[in-house]
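**Student:** Residues per chain, in single letters:
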Amino acid sequence: MKRKKRTTTISGETERKSYHADEKGNYGEFGGAYIPEMLYPNTEELRQNYLRIMADPSFQREFDHLLKDYVGRPTPLYFAERLSQKYGTKIYLKREDLCHTGAHKVNNTIGQILMAKKLGKNRIIAETGAGQHGVATATVCALMGIECVVYMGEIDIARQAPNVARMKMLGAKVRPALSGSRTLKDATNEAIRDWINNPVDTHYIIGSVVGPHPYPDMVARFQSVISEEIKWQLKEKEGRENPDYVVACVGGGSNAAGAYFHYLDVPEVGIIAVEAAGKGIDTGESAATSALGKVGIIHGSKTLLMQTQDGQITEPYSISAGLDYPGVGPMHAHLFKSGRGEFISITDDEAMTAGLEVSQLEGIIPAIETSHAFAIFDYKQFKEDDVVVINLSGRGDKDLQTYIDYFKL
Amino acid sequence: MNRINQKLQEDKKLLSIYFTAGYPALNDTVPIIRELEKNGVDMIEIGLPFSDPLADGPTIQASSTAALQNGMRTELLFEQLKDIRKTVSIPLIVMGYFNPMLQYGVEAFCRKCHEIGIDGIIMPDLPLDVYQEQYEAIFTKYGLINVFLITPQTSEERIRQIDGASAGFIYMVSSASVTGSKDGFGNAQTDYFERIARMGLKNPQIVGFGISNAETFQAATETAKGAIIGSAFIKHLTDYGIATIGDFVEKIKS
Ligand SMILES: Cc1ncc(COP(=O)(O)O)c(C=O)c1O
Chain U
1 MKRKKRTTTI SGETERKSYH ADEKGNYGEF GGAYIPEMLY PNTEELRQNY LRIMADPSFQ
61 REFDHLLKDY VGRPTPLYFA ERLSQKYGTK IYLKREDLCH TGAHKVNNTI GQILMAKKLG
121 KNRIIAETGA GQHGVATATV CALMGIECVV YMGEIDIARQ APNVARMKML GAKVRPALSG
181 SRTLKDATNE AIRDWINNPV DTHYIIGSVV GPHPYPDMVA RFQSVISEEI KWQLKEKEGR
241 ENPDYVVACV GGGSNAAGAY FHYLDVPEVG IIAVEAAGKG IDTGESAATS ALGKVGIIHG
301 SKTLLMQTQD GQITEPYSIS AGLDYPGVGP MHAHLFKSGR GEFISITDDE AMTAGLEVSQ
361 LEGIIPAIET SHAFAIFDYK QFKEDDVVVI NLSGRGDKDL QTYIDYFKL
Chain S
1 MNRINQKLQE DKKLLSIYFT AGYPALNDTV PIIRELEKNG VDMIEIGLPF SDPLADGPTI
61 QASSTAALQN GMRTELLFEQ LKDIRKTVSI PLIVMGYFNP MLQYGVEAFC RKCHEIGIDG
121 IIMPDLPLDV YQEQYEAIFT KYGLINVFLI TPQTSEERIR QIDGASAGFI YMVSSASVTG
181 SKDGFGNAQT DYFERIARMG LKNPQIVGFG ISNAETFQAA TETAKGAIIG SAFIKHLTDY
241 GIATIGDFVE KIKS
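As they're listed, the protein sequences go chains U and S.
Numbered by full-length UniProt numbering, the letters in the first sequence go through residues 1 to 409 in order.
Numbered by full-length UniProt numbering, the letters in the second sequence go through residues 1 to 254 in order.
Bear in mind the hints are in silico, worked out from the structure with no lab data behind them.
All values reported here derive from a predicted model rather than from experimental measurement.
Even glycine gets a Cβ: it sits at the ideal position worked out from N, Cα and C.
Incorrect hints may have been included.
Cβ-to-Cβ under 7 Å is the rule here; a few derived chain U residues that face chain S [stated by the list, open to error]:
1) F79
2) E81
3) S179
To give a feel for the contact side, a few chain U residues facing chain S, derived at Cβ under 8 Å [what the hints assert, rightly or not]:
4) V174
5) P176
6) K185
7) I192
8) R193
9) I196
10) N197
11) G280
12) G284
13) G296
14) Q309
15) D310
16) G311
Isolated chain U (complex conformation) (with noise of 0.2 Å):
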């Protein structure tokens, strides 16, 4: 097979002793906390408690309690045999799909309104562009009878009419943003704005490794389970704990971080993380922040961006909704910088493709922002005998429609 060329890695510092968060939450130059100042007691309060909170042993228990019993975990690592035969290499899946509600978005929700509850918080908000986040908080609250609002872009709420169906029957009230381009980054803003105007009973549950410090450093963490069940799972099937490459798509970059997580200071397993390019990089409709974007701030923190020249943040786009976001998370500017990770770019038509073709080779229908990362066969040789686990983030089940359209079924 042809393998085309679209890695966009570069290589730079080398020296550097950990790809984790800093005390203040830095990635390298990336990170920190870029907030008005009217955020600074909410993140405050976080950033001086999360860790104790997450170290508390009764925190542990419920947190592996509520993973294993309402989310069920631990999810499967499963040999992917047939995808293996076609692309001569032995490839796993994390099976993440099989999480309750369809996706890794709960394992940081369930995390995050554990936390809320330490910090006496009752309200919670959040933003969600394909509703998945929306949906893993909304079920969460019902969950702990707190109250919750979303915020979703105006446009997302007529796109992804089912999440938002969802979010409803679960209670929750979902708020449209009206500004700006009205998808995820300014439901993000609006859910920033409530928490300005309700700073004090209100906790916000960020739906990825992005926003202000400790969100980015907080989310991975939560989110680490995936890797950590990863090294004993693979322990168990191929006798190492390390694999040769670990695979996710990056929209935020959250399930990405948790499948990277224990990997990231382990040099021998390659980091590659699959971005949206939409139709092309370089159409003027992409998501690819690596290729795409400069250094600048967006929501409280410091990381690769789309922008103008001037600064003004630029609206991407993704068939995928989950993987339109304009910027990555601090770790993942910090590992493309670095050079620590490969950084892929996939687009629409590329992505869906893949996903028919694991829906028929597996029985799995992934989500169509795990498509993306199965789709980096055409860019990347493995060899025969490496171990490649691709983490697939969600199923299909949100994104039938957009099948449908895009295969005429």
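For chain U, the structure is supplied; the task is to place chain S with the ligand on it using the hints.
**Tutor:** Here is chain S with the ligand on its own, set in the frame of chain U:
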């Protein structure tokens, strides 16, 4: 002496007005500034529009979007302002979000402001610690006063820290809210205003957010040195255009 410090020494309550550059029309920037000064406004905040103004309510958001659609750009704003000091003598402050400043280059931005005769900068999302570690020397070199915000939730310890880092005034956000969202002040605000007044800070305070008319201006300046009006002024521009700025200012002062 910086014009802001001079103004703060005047024995009166100060009225400061915020507007978004490039709104309602692209070239209204200089006419608006002149009109405001002519009508006795004490200080002006010139808003550099941003695509994602996190701390602003719907009115300022909409004016920012419109200004960007009108074609406002950082360089163009500086171009519009280049001769402003030939005709305008009250303090001028540039207010915006940090990303456009970062992309322009913090030093280049400050140098430009200095050349024009800008007196201060307000960047709500440039945090105190980052400012002190990375940018304070640059601001100082170009004679720019950086203005910090406090809110009812800001701890006493942090207020003292901000007071120590400030060299002009403290921007006192009236309540826990984005711009333009509250009508009138309740007991909570009055208590907060009095609490801050009792702290004996070295910098005077100017209240902003939620000041919309003579009554709220009066209430805010009971203890504070002045007040800033933003959203209400933008609404006025939207409804009546720039020809009636005098009426707006007069009503506030009455
Ligand atoms: C299944 C799935 N994968 C990936 C993502 C992208 O988010 P992140 O990059 O934070 O994992 C989403 C977001 O909605 C999603 O639903």
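**Student:** Hint by hint, note whether the structure agrees.
**Tutor:** Taking the hints in turn, this is what the structure says about them:
no.: 1; hint: F79; verdict: 44 Å, violated
no.: 2; hint: E81; verdict: 46 Å, violated
no.: 3; hint: S179; verdict: 5 Å, holds
no.: 4; hint: V174; verdict: 19 Å, violated
no.: 5; hint: P176; verdict: 13 Å, violated
no.: 6; hint: K185; verdict: 7 Å, holds
no.: 7; hint: I192; verdict: 5 Å, holds
no.: 8; hint: R193; verdict: 5 Å, holds
no.: 9; hint: I196; verdict: 5 Å, holds
no.: 10; hint: N197; verdict: 5 Å, holds
no.: 11; hint: G280; verdict: 24 Å, violated
no.: 12; hint: G284; verdict: 16 Å, violated
no.: 13; hint: G296; verdict: 5 Å, holds
no.: 14; hint: Q309; verdict: 7 Å, holds
no.: 15; hint: D310; verdict: 5 Å, holds
no.: 16; hint: G311; verdict: 3 Å, holds
Hint compliance for this structure: hints 1, 2, 4, 5, 11, 12 are not met, and every other hint is.
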